[in-house]
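Chemist: What follows is each chain in one-letter form.
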Amino acid sequence: MKHTLRQVFRSGKFLFGFSIFVSLVLIVLIYPLLVPDDPLRILGQGTFFPPGIYVNTYDSINTSTKYTLNLPNADVRRLESKLSQEDRLAMREWLIAAGIAESEIDIENTSSLLALWNSNYDPKKSIPGMTNARRNYFIRLNNSLKGLTMAGDLVVASKNAESGGLEDLGVVKDTDYVNISEVANVRLLLLGTDNFGRDMLTELVTATRVSLQIGFVAGLIATLIGLTLGLLAGYVGGIVDDIIMFFTNLFTVIPSFVLLILISYSLGQEQRGAFTVATVIGFTSWVWTTRAVRAQVVSLRNRDHVNLSKLSGHSIAHIIIHDILPYIASYVVMALILQISSGILAEAGLSILGLGPKTTEVPTLGLIMRWAMIYQAHIQGNWWAYLPVLVTIALITFSMNLMNTGLDQVFNPALRD
Amino acid sequence: MAKREQICLEARGLTKVFGFGRNKTVAVDHVDLTLYEGEVVSIVGESGSGKTTLAKILLGLINETEGEVYFQGQKRDIRSYRQKQEYWKNIQAIFQDPFSSYNIFNKIDSVLLDCIHMRGGRRLPYEKKVELMAEACRFVNLKFEELTNKYPFELSGGQMQRLMIARIFLLKPRILVADEPTSMIDACSRATILDMLMQLRNEIGMTVIFITHDIGLAYYVSDTVYIMERGRFVESGSADKVILTPSHPYTKRLISDVPKIYEEWDLSTV
Ligand SMILES: Nc1ncnc2c1ncn2[C@@H]1O[C@H](COP(=O)(O)OP(=O)(O)OP(=O)(O)O)[C@@H](O)[C@H]1O
Ligand SMILES: [Mg+2]
Numbered sequence: 001m002k003h004t005l006r007q008v009f010r011s012g013k014f015l016f017g018f019s020i021f022v023s024l025v026l027i028v029l030i031y032p033l034l035v036p037d038d039p040l041r042i043l044g045q046g047t048f049f050p051p052g053i054y055v056n057t058y059d060s061i062n063t064s065t066k067y068t069l070n071l072p073n074a075d076v077r078r079l080e081s082k083l084s085q086e087d088r089l090a091m092r093e094w095l096i097a098a099g100i101a102e103s104e105i106d107i108e109n110t111s112s113l114l115a116l117w118n119s120n121y122d123p124k125k126s127i128p129g130m131t132n133a134r135r136n137y138f139i140r141l142n143n144s145l146k147g148l149t150m151a152g153d154l155v156v157a158s159k160n161a162e163s164g165g166l167e168d169l170g171v172v173k174d175t176d177y178v179n180i181s182e183v184a185n186v187r188l189l190l191l192g193t194d195n196f197g198r199d200m201l202t203e204l205v206t207a208t209r210v211s212l213q214i215g216f217v218a219g220l221i222a223t224l225i226g227l228t229l230g231l232l233a234g235y236v237g238g239i240v241d242d243i244i245m246f247f248t249n250l251f252t253v254i255p256s257f258v259l260l261i262l263i264s265y266s267l268g269q270e271q272r273g274a275f276t277v278a279t280v281i282g283f284t285s286w287v288w289t290t291r292a293v294r295a296q297v298v299s300l301r302n303r304d305h306v307n308l309s310k311l312s313g314h315s316i317a318h319i320i321i322h323d324i325l326p327y328i329a330s331y332v333v334m335a336l337i338l339q340i341s342s343g344i345l346a347e348a349g350l351s352i353l354g355l356g357p358k359t360t361e362v363p364t365l366g367l368i369m370r371w372a373m374i375y376q377a378h379i380q381g382n383w384w385a386y387l388p389v390l391v392t393i394a395l396i397t398f399s400m401n402l403m404n405t406g407l408d409q410v411f412n413p414a415l416r417d
Numbered sequence: 001m002a003k004r005e006q007i008c009l010e011a012r013g014l015t016k017v018f019g020f021g022r023n024k025t026v027a028v029d030h031v032d033l034t035l036y037e038g039e040v041v042s043i044v045g046e047s048g049s050g051k052t053t054l055a056k057i058l059l060g061l062i063n064e065t066e067g068e069v070y071f072q073g074q075k076r077d078i079r080s081y082r083q084k085q086e087y088w089k090n091i092q093a094i095f096q097d098p099f100s101s102y103n104i105f106n107k108i109d110s111v112l113l114d115c116i117h118m119r120g121g122r123r124l125p126y127e128k129k130v131e132l133m134a135e136a137c138r139f140v141n142l143k144f145e146e147l148t149n150k151y152p153f154e155l156s157g158g159q160m161q162r163l164m165i166a167r168i169f170l171l172k173p174r175i176l177v178a179d180e181p182t183s184m185i186d187a188c189s190r191a192t193i194l195d196m197l198m199q200l201r202n203e204i205g206m207t208v209i210f211i212t213h214d215i216g217l218a219y220y221v222s223d224t225v226y227i228m229e230r231g232r233f234v235e236s237g238s239a240d241k242v243i244l245t246p247s248h249p250y251t252k253r254l255i256s257d258v259p260k261i262y263e264e265w266d267l268s269t270v
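Chains A and B, in that order, are what the protein sequence lines are.
Counting along the first sequence from 1, when you hit position 257 you're at 257 in our numbering, and nothing is skipped either side.
Counting along the second sequence from 1, when you hit position 241 you're at 241 in our numbering, and nothing is skipped either side.
Treat the hints as calculated values from the structure; they're not laboratory data.
Quick reminder that beta carbons are idealized off the backbone N, C-alpha and C, glycines included.
Just so you know, not all the hints are guaranteed correct.
Stretch by stretch, here's where chain B covers chain A in the computed footprint (C-beta under 8 Å, at least three residues) [what the hints assert, rightly or not]:
1) 26-36
2) 297-311
A few chain B residues that face chain A, going by a derived Cβ cut-off under 8 Å, partial list only [as the list claims (entries may be wrong)]:
3) Y81
4) Y87
5) W88
6) A93
7) D97
8) S100
9) M118
No farther apart than 25 Å at their CA atoms in a straight line, the calculated lysine-lysine pairs in the DSS-like style are these [claimed, not checked]:
10) A/K66 / A/K173
11) A/K2 / B/K107
12) B/K150 / B/K128
13) A/K2 / B/K128
14) B/K84 / B/K172
15) B/K107 / B/K129
Could you put together the complete structure from these sequences and hints?
Modeler: Rendered as structure tokens:
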């Protein structure tokens with residue numbers, strides 16, 4: 001027994017899968033201690049804020065210490081960040097139409113592009129084939145560029161409550177810096193926000209926890225049912241076997257996912273807590289385990305060690321627990337791992353169809369996917385709303401299947417390479 | 001020699017069919033067998049002749065397709081598991097393959113403890129149990145102190161079969177079915193094990209069904225011999241009669257197959 005365990009932990013595949021899985025579990029357990037936020041709390045007004053560090057502008061202007069840093073290219077960088085790629089392409093289009101040689105225009109070099117634009121652009125110049133709307137667009141673009149190149153400081157003012165006039169509070173120069181650690185409110189949104197403005201990372205971690213729980217409950221239920229029925233059918237045999245196998249065959253013929261959809265649908269949104277969904281998944285996926293366990297038990301029950309146990313006066317229950325179960329334990333563990341990962345996938349599938357757990361209580365991996373899909377994150381290119389979820393699901397199932405392969409190789413030496 | 005007075009176990013028309021249709025195998029085919037109290041009966045046959053199947057039917061481990069077994073004059077009724085458990089207090093076995101006979105998850109002392117418990121010794125103080133186990137181990141030349149906390153698979157094949165005999169020593173059944181107890185064991189330990197078995201049999205006076213493919217061995221240990229060919233008994237009678245004056249060609253073949261160890265080996269023909 002100890003020996004097998006040692007062998008299991010020597011298997012590279014198992015160890016690799018196991019460490020991925022354990023890391024995931026550790027993150028899920030430790031993260032809430034560090035960031036004790038409600039995962040469903042809405043932080044942002046608006047949808048899909050991109051990942052990054054969010055610095056409060058109000059606080060950064062109001063910090064007591066201001067630092068002046070003269071960094072080279074600060075102007076250029078500022079300009080570059082304000083001039084979008086779309087604007088640059090439009091500018092080039094106008095310049096070419098106005099007769100400037102294409103080789104002279106470098107849209108990546110912001111300052112030369114601006115210089116070229118300022119020396120050439122003339123709103124009155126008529127360009128053949130250009131619509132009025134397009135002409136107006138260029139006029140607007142030109143006006144906005146004027147603001148860009150505007151030099152000078154920003155004045156911060158507050159409204160005087162009595163006179164209604166503005167009072168100077170201070171001046172923000174273009175060389176002013178704040179130290180981010182001195183700003184009162186800074187928020188790291190490593191994965192941005194979702195469509196509701198909720199912190200994606202916190203939500204994802206909670207969802208991973210809930211999905212793992214769903215997987216465990218579903219897997220445990222399926223394995224327990226499968227194990228019990230398989231043991232009964234395999235060991236007791238006769239009419240018990242016939243009845244159990246009748247139902248097993250019945251459920252084999254009906255695709256379990258269809259059954260799952262029907263049951264979830266008939267339960268209704270309000271009845272579907274995460275635990276209920278897990279239970280339903282568990283109760284629709286025991287068939288495979290039953291068949292596998294039964295097959296194993298049938299081949300075990302006529303072995304001589306079972307005969308010896310009978311001859312030693314043991315009861316049927318004792319024989320099942322001591323002479324059959326330990327021999328199929330490794331098999332059952334592998335079935336359990338598979339059931340857990342397929343339970344997680346089943347939840348994701350259900351949720352994407354809108355039949356998952358109700359959306360108001362807890363996030364799950366499937367629900368995040370559903371929200372991202374409904375709000376078209378994949379079309380708008382908001383990768384942070386779905387990619388991390390996909391990676392998490394992939395990591396969970398990958399690590400579990402890897403553990404299974406590792407176990408398989410330990411328990412079935414014929415598969416070892 | 002046999003006390004041919006009381007019939008201990010009797011089989012009438014015992015048949016076992018495995019599978020059906022094209023896969024049908026008649027492993028045991030209308031076998032009649034009479035076992036008298038205290039005798040040693042050998043069942044001899046080639047591999048696949050149905051010896052193990054017959055043994056398991058007699059043991060009540062598999063159900064016969066047809067036929068009856070009478071145990072101590074009464075028709076054996078072991079339909080319920082409880083009845084089987086009662087029956088197994090009287091009949092025990094040593095299996096052919098020691099390597100698959102033990103539960104690999106149980107330690108050796110639990111094997112022996114089970115036997116003490118089966119004999120009603122569950123309430124005995126632990127020291128007494130150890131004493132009994134040690135005595136049984138001593139009988140088969142094993143050291144109990146070295147066996148505790150060991151697993152059966154840590155023993156050699158011969159040691160495992162000796163442990164099996166130690167079980168029988170503790171259980172003291174009326175009937176023992178020994179299914180080729182020495183076939184998986186090297187020739188050296190074979191004699192030791194046979195001697196132990198015979199000594200045990202003399203000590204507790206049990207009836208023995210000895211199954212073997214080696215007719216010489218059967219002659220050496222048994223009072224009565226049954227020759228089995230493809231599920232049927234083709235010849236039976238006292239050991240002397242069957243082996244010294246065989247009548248069936250199959251028996252003759254079996255006898256001629258025994259290597260004549262007293263003759264010189266003719267190396268030129270090899
Ligand atoms: N569980 C079973 N299912 C189907 N056929 C079986 C089963 N057990 C035994 N048989 C068949 O019954 C026949 C007799 O087998 P059995 O094990 O009784 O032979 P045996 O005389 O003990 O042989 P050996 O000397 O090799 O142990 C064989 O043809 C075997 O294939
Ligand atoms: Mg056999």
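Chemist: Compare the structure with each hint and give your call.
Modeler: Each hint, compared with the structure:
A stretch counts as covered by a chain when three or more of its residues have a beta carbon under 8 Å from one of that chain; for the stretch 26-36 of chain A and chain B the count is 0, and the coverage is violated. For the stretch 297-311 of chain A, the stated coverage by chain B is satisfied: 9 residues place a CB nearer than 8 Å to a CB of that chain, which reaches the threshold of 3. At a threshold of 8 Å, the smallest CB-CB gap from B/Y81 to chain A is about 6 Å, leaving the interface hint in force. Restraint check, B/Y87 versus chain A: the minimum CB separation of about 10 Å is more than 8 Å; hint violated.
Because the closest C-beta pair between B/W88 and chain A is about 5 Å apart, less than 8 Å, the hint holds. Hint on B/A93 holds. Least Cβ distance to chain A is approximately 6 Å, under the 8 Å limit. At a threshold of 8 Å, the smallest CB-CB gap from B/D97 to chain A is about 7 Å, leaving the interface hint in force. The beta carbon of B/S100 comes within 5 Å of a beta carbon in chain A, closer than 8 Å, and the hint placing it at the interface holds.
Using the Cβ-Cβ criterion of 8 Å, the hint placing B/M118 at the interface with chain A is satisfied: the shortest such distance is roughly 4 Å. Between A/K66 and A/K173 the alpha-carbon distance is near 10 Å, which keeps this suggested pair within the 25 Å criterion. The suggested pairing of A/K2 with B/K107 holds, with an alpha-carbon distance near 13 Å, which does not exceed 25 Å. Under the criterion of a C-alpha separation no larger than 25 Å, the hint pairing B/K150 with B/K128 is consistent with the structure, at around 20 Å.
Distance restraint check for A/K2 and B/K128: the Cα-Cα separation of roughly 31 Å exceeds the 25 Å cut-off, and the hinted pair is therefore not satisfied. For the suggested pair B/K84 and B/K172, the alpha carbons sit about 17 Å apart, so the restraint of at most 25 Å is met. A C-alpha spacing of about 15 Å is found between B/K107 and B/K129, which places the hinted pair at or below 25 Å, so the restraint holds.
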